[in-house]
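There are 2 protein chains.
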Amino acid sequence: MWDLHDHVVLTSHPRIANKAPAIHWGAASAHERGPIIATFADTKMRNAIGAHSGSYTVYRALAEAAGSLKHNHRPDLTNTSPVVDIAPNPAWHDPTRIVSMDPYGARIQQDFAHLLEKDIDIRPTIAITRASIQMPELMDAIRKGIIPVDGTVVKSTGDVVVTKVAMEPVWYLPGIAARLGIDEGDLRRNLFQRTGGMYPELITRPDLKVMLPPIGGATAYIFGDPQGFSDPKKPLAVRMHDECNGSDVFGSDICTCRPYLLYGIERAILSAQKGGAGLVVYYRKEGRSLGEVTKFLVYNARKRQPGGDTAATYFTRTECVAGVQDVRFQEFMPDIFTWFGIQHIHELVSMSDMKHGALIKAGITVGKRTTIPADRIPHDASVEMEAKKAAGYFSDDKTDLDLTHVKGRSIHEY
Amino acid sequence: MWDLHDHVVLTSHPRIANKAPAIHWGAASAHERGPIIATFADTKMRNAIGAHSGSYTVYRALAEAAGSLKHNHRPDLTNTSPVVDIAPNPAWHDPTRIVSMDPYGARIQQDFAHLLEKDIDIRPTIAITRASIQMPELMDAIRKGIIPVDGTVVKSTGDVVVTKVAMEPVWYLPGIAARLGIDEGDLRRNLFQRTGGMYPELITRPDLKVMLPPIGGATAYIFGDPQGFSDPKKPLAVRMHDECNGSDVFGSDICTCRPYLLYGIERAILSAQKGGAGLVVYYRKEGRSLGEVTKFLVYNARKRQPGGDTAATYFTRTECVAGVQDVRFQEFMPDIFTWFGIQHIHELVSMSDMKHGALIKAGITVGKRTTIPADRIPHDASVEMEAKKAAGYFSDDKTDLDLTHVKGRSIHEY
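Chains as they are written, first to last, in this note's numbering: chain A, 1 to 414; chain B, 1001 to 1414.
Here chain A stands alone, though its shape is the one from the complex (with noise of 0.2 Å):
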């Protein structure tokens, strides 16, 4: 039944005979960046490290053990391709400003047609579709004409119309290393020794330089028309959320995730309907990538401490925990900005010093910045906001507060 050799070479990528089309990342074109090949057909094939779908992976060699999905298969791409040509700007030919994503990502059909015709698996790791969105909270604006009806994007049924982009991670690694200012080779070893051995490539392939980690990736939603997103006169409004299973989807009322949300579609939808666009960008980076697990354990340190669960101690628990207040990187979260071509945000939907620090650094300029109105907050999560603001997060609210005052539930008062 199985295809694989007894022999199990521990590198899938041996020295000899290695046909693989060279990456040369940030060419002048598509045709000299050449395709990233990070699937199994033909591993002599392979010029990337990882695999495609993030930690989905996982998942489709599950598949491919149990029998249920061909190591042969081909991906069938026909009426796959994305619904809005985002064209190539400057940046994509920049080794430097895109390091954590393709560019040609979502064009694999239009720029290595004549490679896919020859049977190579280039796949792609962004695409792009159109769906119709129904929030509760945005109907109720909707109903209650803060947000008019448009007819274009919103519908007098409460729906929006939205573009969505999802893409996976792809790491140009010599570009990832000078983001975090450290060198290649430290970060290679870290990737692999720190994860328990992921990717012997890392180590035994230093030639190969593109990685697809096994991440969660980024999903963007566009509202209005993409097109403009490059005019630095047409409205932008933007907020990039990472993911808050708790809140984004559950509501729950300890932090302002899901409301930051809201508020970030509501500005960018009426920024579209400004003549201009809206983008929200989800980022897969639960708790502050730390995962729900250590989130869950810094919540019951949080209630559970003498004091109870005040904003004077809101970032010392993480840190006793997890070792570091926040993983999220905030480095490589413009790329997508800049593959759009943005290059000014008209208002930007977040109270993050990181994330306006890492726009700046992208040589993104913003206009205004705009925080959650205070009548959003729900009640116990006023000690991430208080704690937030002393903090130096940018807040429209400047108060001064005795911050072991601001207290939420402790344990016991659910």
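Hints should not be assumed to be uniformly reliable.
[What the hints assert, rightly or not] For each label pair, taking beta carbons as the anchor points, the in silico distance ranges come out as:
1) A374(A) <-> D1140(B): 21 to 29 Å
2) D375(A) <-> E1413(B): 31 to 39 Å
3) K118(A) <-> I1360(B): 46 to 54 Å
4) A1113(B) <-> I360(A): 42 to 50 Å
[To be verified] Covered by chain B, according to a simulated footprint, are these stretches of chain A (three or more residues, beta-carbon under 8 Å):
5) 124-130
6) 187-199
7) 245-251
[Stated by the list, open to error] Derived pair list, reagent style EDC-like, types lysine to aspartate or glutamate, alpha-carbon separation capped at 16 Å:
8) K1070(B) <-> D186(A)
9) K368(A) <-> D397(A)
10) K1019(B) <-> D1042(B)
11) K1044(B) <-> D1207(B)
12) K1044(B) <-> D1121(B)
13) K1070(B) <-> D1121(B)
14) K1044(B) <-> D1119(B)
15) K1070(B) <-> E413(A)
16) K70(A) <-> D1186(B)
17) K1155(B) <-> E413(A)
18) K19(A) <-> D42(A)
19) K1407(B) <-> D1353(B)
20) K1368(B) <-> D1397(B)
21) K1368(B) <-> D1353(B)
22) K1274(B) <-> D1231(B)
23) K155(A) <-> E1413(B)
24) K19(A) <-> D207(A)
25) K70(A) <-> E1319(B)
Because the hints were derived from the structure by calculation, they are not lab data.
Beta carbons: idealized from backbone N, C-alpha and C, even for Gly.
Given chain A, put chain B in place with the hints provided.
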């Protein structure tokens, strides 16, 4: 700055001088089972493949590379322990009944205190906290009296109190292979080769039987008191929900995911209010575990195909693109229910025969199956719904439609 050796050892589990405690999966007590050590404080103590936090291990490795997280950090677990005690049940002592999570994952401070005191870096893989949630749809149902206020689970403010449990995947590889009906060696080879080489130890260390894969875990939302879970006489309503970010968060109308989730929560609350409990488990299996890029490619193919997006071709389009309809592996899903000691589910809110079948196979009996009421199905989602019913999914509402006439929007109709 780095404490890394210049000479990188490609296996993180040197065979020599291994002093790691043995794991006897399914042994009669935590002590006999032994701790799972997947940390790097002392690599000679490691007795598992992979690392903690699922795919977020990659971010942690980045943080160590960037110097923001110290290599020698140990979590301070003060006050982090579970808010409810999930007591061991006989299934914990059976190597076959729980294979995808560590039953002792929430109890390391109880069960392995003597090892933690010796500074051995054992970490929780399960965390249990409490939360107060506000979901607009629930608040509306509470306002309308569909969900009554009881003062304990449902407050007069519209807040709903939950106990929530986050779980990291911990795989006992012989058990995983047995569930899939395949050879453990085939499983290990596929996992290694078809992910691009994650974890050489899958090949080099067949003696290591436990793996923490870099995938998302699951979160259980408990309504009412979990202590009654194991009493088959106490009402229990359940939904197991596989992540769908586009609907769960953004309310896309192409599927029934968020409406189904909300209906499951509603039934769970009502069951808790009848003196029993409710349980909604959220599994990180985006897009049938194929990921969002594949999902969006499929949406485009569905909406552009000749004849339009009909129920008749719903499943084939995923298979064309992905090579398989679904890779969610419901085979492992019941482990969480088994871990809780659940023997009987009074009401299962799901139309999936795969989920139902997996529960039955795990020895969990099911009373009533309920499906989403027709008036909660978004218009464009009727394609999915009718395709599933025709494919034999369970439904209260058996219709006999011509599937080519159940049609969603084309790509131009937004």
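Here is what the structure says about each hint:
1. A374(A) <-> D1140(B): 21 to 29 Å: The hinted range 21 to 29 Å holds for A374(A) and D1140(B), with Cβ atoms some 24 Å apart.
2. D375(A) <-> E1413(B): 31 to 39 Å: 37 Å, holds
3. K118(A) <-> I1360(B): 46 to 54 Å: 48 Å, holds
4. A1113(B) <-> I360(A): 42 to 50 Å: Cβ of A1113(B) to Cβ of I360(A): about 48 Å, so the range 42 to 50 Å holds.
5. 124-130: holds (count 7)
6. 187-199: holds (count 12)
7. 245-251: holds (count 6)
8. K1070(B) <-> D186(A): Holds: K1070(B) and D186(A) sit about 14 Å apart, inside 16 Å.
9. K368(A) <-> D397(A): 14 Å, holds
10. K1019(B) <-> D1042(B): 10 Å, holds
11. K1044(B) <-> D1207(B): 14 Å, holds
12. K1044(B) <-> D1121(B): 12 Å, holds
13. K1070(B) <-> D1121(B): 14 Å, holds
14. K1044(B) <-> D1119(B): 14 Å, holds
15. K1070(B) <-> E413(A): 35 Å, violated
16. K70(A) <-> D1186(B): This hinted pair holds, its Cα atoms lying about 14 Å apart.
17. K1155(B) <-> E413(A): 12 Å, holds
18. K19(A) <-> D42(A): Within the cut-off at roughly 10 Å; holds.
19. K1407(B) <-> D1353(B): 24 Å, violated
20. K1368(B) <-> D1397(B): The hint holds at about 14 Å.
21. K1368(B) <-> D1353(B): Within the cut-off at roughly 13 Å; holds.
22. K1274(B) <-> D1231(B): Roughly 14 Å between the alpha carbons, so the hint for K1274(B) and D1231(B) holds.
23. K155(A) <-> E1413(B): 12 Å, holds
24. K19(A) <-> D207(A): Answer holds: K19(A) to D207(A) is near 14 Å, not above 16 Å.
25. K70(A) <-> E1319(B): Judged against 16 Å, a Cα distance of about 11 Å means the pair holds.
Violated hints for the displayed structure, listed by number in ascending order: 15 and 19.
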